[in-house]
Amino acid sequence: MMTQGYSLNRQTAAAALLAPPLLFIGLFFIVPLINLFWVSLHGASSSELFGANLTGDNYYRILTDSFYHTIILRTLWAGMTILLLCLVLGYATAYVIAPLPPRTRLILLLLLVAPLMVSNVIRAYGWIAILGRQGVVNSLLRSTGLIDGPLLLLNSFEAVAFGLMTILLPYMVVSIVNALNAIDRQYSEAAQSLKANPVRTFIYVIWPLSSPGVASGMLLVFLLTLSAYVTITLLGGPRMKLLVSLVFDSVTAFRWPFAAALSFTLLTLALLVAGLILAVLRPARVQGRG
Amino acid sequence: MRALLVALAIASYTFVLLPILIVVVTAFSASEFFAFPPKGLSLRWFEAFFASDSMRGAFARSLQIATISAVLATILGTMAALVIARRKGWIVNLVQSAFLAPLIFPAIVLGLSLLIFYKRIGGVPEFIGLIIAHSVLGLPFVVRSVTSSLLAVDPALEEAGQSLKASPVDVFRFVVMPLIWPGMLAGGIFAFILSLGELNTALFLTGPGVTTLPIEIFSYLQFQGGQLVIAAASAIQVFMIIAIVLVAERLIGLKRIVRSE
Amino acid sequence: MINATEPAVRLSHVTKRFGQAVAVDRLSLDIPDGSFFSLLGPSGCGKTTSLRMIAGFETPDEGDVFIRSQNVTRIVPHKRDFAMVFQNFALFPHMSVAENVAFGLKMIGIGRAEREQRARDALSMVRLPQFADRYPKQLSGGQQQRVAIARAIVMRPAVLLLDEPLGALDKNLREEMQVELRSLQQNLGIATVFVTHDQEEALTLSDTIAVMRDGRIEQCGTPSDVYERPINRFVATFLGASNVLRGKLINGGRHALIEAGSLSIPMEKSVGQDGDTIELAIRPERIILAPQGVQGVPAIIKAIVYKGATVSLYCDASGEERVVFVPGGHPSLTGLQTGASVVLTFDPTHAVPLRGQ
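These protein sequence lines map, in sequence, to chains S, A and D. Position 152 of the first sequence, counting from 1, maps to 152 under our numbering, and the rest follow consecutively. Position 209 of the second sequence, counting from 1, maps to 209 under our numbering, and the rest follow consecutively. Position 179 of the third sequence, counting from 1, maps to 179 under our numbering, and the rest follow consecutively.
Isolated chain S (complex conformation):
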């Protein structure tokens, strides 16, 4: 069970310490979630939060209406694109940083991590300033005479993907740097002694051994992509809607049960992709299980 033979006093002390935080998390995280699911199983109501009858209508609509299919596919597509971009750029950056001396490495990582603390809205604003009609890119191109009218870079799928990628890149880099540093250098030396060139050493030794870091980086990036409402709205414009935008729209329209159902769809999507990532990369191999 929990512990082995502590005196009674110890166990009650532990319970007393654990109770407040546990209650807090239970009451303000777990209970609301269960409640949300409960709400998603009801119809809409104009006077109450939700209608009286239990129904699976919300989920049915999401699963059958092609509008939602489009949105879900677009969300997945955005996620995949961002994952790929983050993977390529992130792995390259991590590969460059990882072997550096600890102090340098830490400063470089700090440079990458500090921006994470700056609110996403500010970073999105920065991209608006860069990509907008009066933005840096356009001003530069116009002043050098390359173009006449402004390029419409914002309010597009590409702007969203790009903007999100730059916000999420640091998560990938940190994950992979940690994974790379955890790899005992003896493995690549062994591979080289067995006549593997750098590329093959990477493919057969380094990449597989770094897969736990890659997997956790990818999971994190995908999860955050799903939630990034502000960036999506600001850089994508009113017509570029992803799943999270629909959640927010439903809330603005006070359609709570449907918003709830959309949220759980989002969660399911996250779980499915997470499962996919873990199945493909199989990071458990490295840890000696499976």
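Facing chain S, a subset of chain A residues (Cβ under 8 Å, in silico):
(1) V6
(2) A11
(3) I20
(4) G197
(5) L199
(6) S234
Keep in mind that the hints were calculated from the coordinates and are not lab data. The C-beta atom is built at its ideal place from N, Cα and C for all residues, glycine as well.
We have chain S already, so just place chains A and D on it with the hints.
Chains A and D in isolation, oriented as in the chain S frame:
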């Protein structure tokens, strides 16, 4: 090949840092509209920021919420970590997962679930509602940070304290806390910074007249377009974060900050 | 008032289980005031668990623990009258040596002036007065050990608990510390419980040794009791090397016919019936190479190991290995080579009948 990797790395850094740089520089712009490079330097937009009631209010509120939720998260998180770090078993693992779950959970879903929950229990003032939400979000950072600090402390030290007639409270006060306070502080600082910049739950839990600074900036961007006061607001937040990171580095060292991610 | 005959510590039918495993099995013992009492045994025998039950870090599933006649079984550690020296010293890294030593006094409310004085005295007693303001990580292992001891004795506890305290030290240091520890304990007169797996250490330091196995006490007695008169095979072979001779009882149980009939040993008293098998333990240093004409057990020398003060002879006596320790330079060693035939004999009073395994 190596050159390509380095180029990609440099590109990454540019992408990540450029937007913030541009915003901060723009905050000092003298002109009415956005132009890069700015046509002159001035502090007018900072003045405009502090002159705006809604901006000032949002800023103050953000600071208050961040402070209170960080303190709450630190207290609760430390209590939880004290138990998690010293005990074993499947229950403890389950409990630990419960505390770390908000880390990987889409904050949007958390925000919505809290909003509906608050409504169902009859309504909660936005200020309190936000503090609760941010404490939930900050808790995992504190738990993780303090747990890892505690695991580095030899349990024999606690028993030695008890053998020297220190009560459990005294053991915590004189033996454990002096050794784990950097972990507590790191977790608390992270929770603070997180709350300052937090959007996804604030989107649902703020209301008319009760907003946080990021939400205020977001509304401005959505509805009032290019006013450069936003740049000033943003710059102020960036400066705050830089200041906090520098202070934290002094107090608890670089390693811990980066590891908290 | 302390009753002179009342034990400092008493364990009464104490049992402790971890899941299905029984770590301590209905253990009872008394530790007299002022004595040095060792719990000796292999890993997993329950000695550390027993020590921790005295301290209160483990609570018995059955039985009671008494410290100076007070039943402390349900009392928390910080309210029990003991002090402990831990295996890896457990010095508080964030406090100076002086602060470490004075810590317990602070916890029981002793004023600053008195605590500082007593801490200084304790440090003098362990001969480290000049290190008061240093920090633990600046000290060597031996010095940290002494600080840990000072921190415990300054409390003037009813009992001092030592959990394999010398295990982390190298051999020379360990012997030095053993001597210091023993003289300190005798000067202060504190009842001390010492846990170790090193039988030599236990023999050197203790007034009483309790040899433990699988949660039970096999034998409890003075060092010479357990060494010269082990009651069973386990105790005989755990404390030092031992030869075990098997044989049958004859002559109304008053003689043991051992070693394939080559030797008949008179028993002090009848230990069984004719025909019963019997095991006798004899220490290697008690066996001598028989001079010409003396009856004994024939054997062939397989190996001679020179160890300076003694020489170990490994012999084959009708298929059984026998070990003999001979003082270096002894005349019986002259000209001895492997392969030589010898006759082994001993004073029958040194052979100890073993009751069971």
